[in-house]
Amino acid sequence: MSRNARTGLILATIALMFFLGIIVKYWLYGR
Amino acid sequence: MSAVLDTHGKAHDHGHHDHHGGYGGVMRWITTTNHKDIGTLYLWFSFIMFLTGGAMAMVIRAELFEPGLQIVNPEFFNQMTTMHGLIMVFGAIMPAFVGFANWLIPMQIGAPDMAFARMNNWSFWILPFAASLLVMSFFMPGGAPGVGWTMYAPLTVQQGMGMDFTIFAIHLLGMSSIMGSINIITTILNMRAPGMTLMKMPMFCWTWLITAYLLVASMPVLAGAVTMTLTDRHFGTSFFNAAGGGDPVLYQHIFWFFGHPEVYIIALPAFGVISQVIPAFSRKPLFGYASMVYATSAIAILSFMVWAHHMYTTGMPVTGQLFFMYATTLIAIPTGVKVFNWVATMWKGSLTFETPMLFAIGFLFLFTMGGFSGLVLALVPVDIQLQDTYYVVAHFHYVMVAGALFSAFAGIYFWLPKWTGRMYDETLGKWHFWLSMIFFNMIFFVQHFLGLAGMPRRIPDYPLQFETWNKISSIGAFGFGLTQLLFLYIVIKTIRSGEKAPEKPWEGADSLEWTHLPTPAPYHTFETPPVLK
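Top line first, the protein sequences correspond to chains A and B. Residues in the first sequence are numbered consecutively from 2, following the working numbering. Residues in the second sequence are numbered consecutively from 2, following the working numbering.
One chain only, chain A, in its complex shape (with noise of 0.2 angstroms):
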């Protein structure tokens, strides 16, 4: 894997965790 592919889906994961992190932090908390 080139060295821009590693630095970018490092970064994609980080956003996804971001945006799934709030949904489920707030779903969980709210049960």
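For the record, the hints were derived by calculation from the structure and aren't laboratory data. From the three backbone atoms N, C-alpha and C, an ideal C-beta is built for every residue, glycine too.
Derived list of chain A stretches under chain B, where covered just means 3 residues or more per stretch with a C-beta under 8 angstroms from a C-beta of chain B:
1. 8 to 17
2. 21 to 31
Restraint-style ranges between C-beta atoms, simulated for each label pair:
3. B:Q71 - A:G22: 42 to 52 angstroms
4. B:E500 - A:G22: 48 to 58 angstroms
5. A:G22 - B:T353: 48 to 58 angstroms
6. B:R284 - A:L10: 39 to 49 angstroms
7. B:P457 - A:I11: 43 to 53 angstroms
8. A:L10 - B:D389: 35 to 45 angstroms
Once you've looked at the hints, dock chain B against the given chain A.
Showing chain B alone in chain A's frame:
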């Protein structure tokens, strides 16, 4: 800037590589993966959105020209304020600076293009669809959402289908921003020319690197918030709907966790442009480069700790209010460092006042005023009085218009010769600046008085006591709107019939696009990286 060892790119680029790829006409623009083409697309798109959001501002100010309801009904007025805010923030200002980033970052770090050129194309071409969704929401049953650009619950749960269009538009705009940010971070971290260390990068690249991190961390939070709003509306959840046990204030916390960094997502690239323009017209290097980098980073980190200063009146504990008040006032320190450095750069410089420099100095004055009124609003006892008044409207327009927009104008006049190979009309440019400066203050300075006198924001009607300042503000708005048509004329005139630009029109400019590349910049640049030391 570092000394030149190899100017290979400069000699190389005028040759057989100066073509536009496989397609011509419209297909060139749809299929392009060239960072300069995509930068141009972003800039034109943002200008169209600026005119669209500006037209909505004209409707707002026309309605507020005198007390009573004259032109639009209150529901449509709310839709105008909502869409004006969303379009200006997500459709105009943010894409404008992404346009600058696309054009300049590869040239300033000695890279041939952005790291993910195809994704770059996709990042842009999502935007027209998102903008269409926003505009189409006006034609849905119930019209566009009239909830304000902050999209607070529980109002959002009660809106018509236009709200769903807006939510999907936000998703698309967020995806575009996140992809753009990933591209920018990867390009800057991995594709700098040999010798271009991070601490040698032009300040514009630094501010965009930090902004891109802010975007990656905050945009998904907004996407999460609007997704939860969507599931509350249609899928039976109760994240924010009090009727089902949800908490509307939770939405505000999540929104402003995105919303305050968003202010700096807009402001930091503007700081970057100013940090390029002021040294060029002072004919001196930027004063305190390292401190600028650290101040920018400090602002970015602090921006995640101050979100609840937008929520003092929601009933938070005093300790919470104190924390957010102190954290917010702390931001004045790194911001003060930056303003000090810009002034110190000008100090004893060989100053000239061409249009880019005029807009940069206008930015400096007016953004500092917006910063000061921000400090006023950071103080809990004052903010509780001024919450949701026109004082807040005045404050953030000093930051957004005089800050971001003036900086974008400074940047466009500064780099227009590099982009087009032609010079703009200096006399008309100066007219554009002075008319913008006068009309801007006519609109927004008087709104401080309206706010202090207690006029609430987001209302189509008001008591007679506010009439005079509102009239002045509206006249200023019409003047400001017309002045921007002058800007459009200047840009078109430059492209069509501007005088040929010299190789280096600004003698004090010292970043790679000025020192290593011809004017106009060729279609492909730095296919062989320059070697710097």
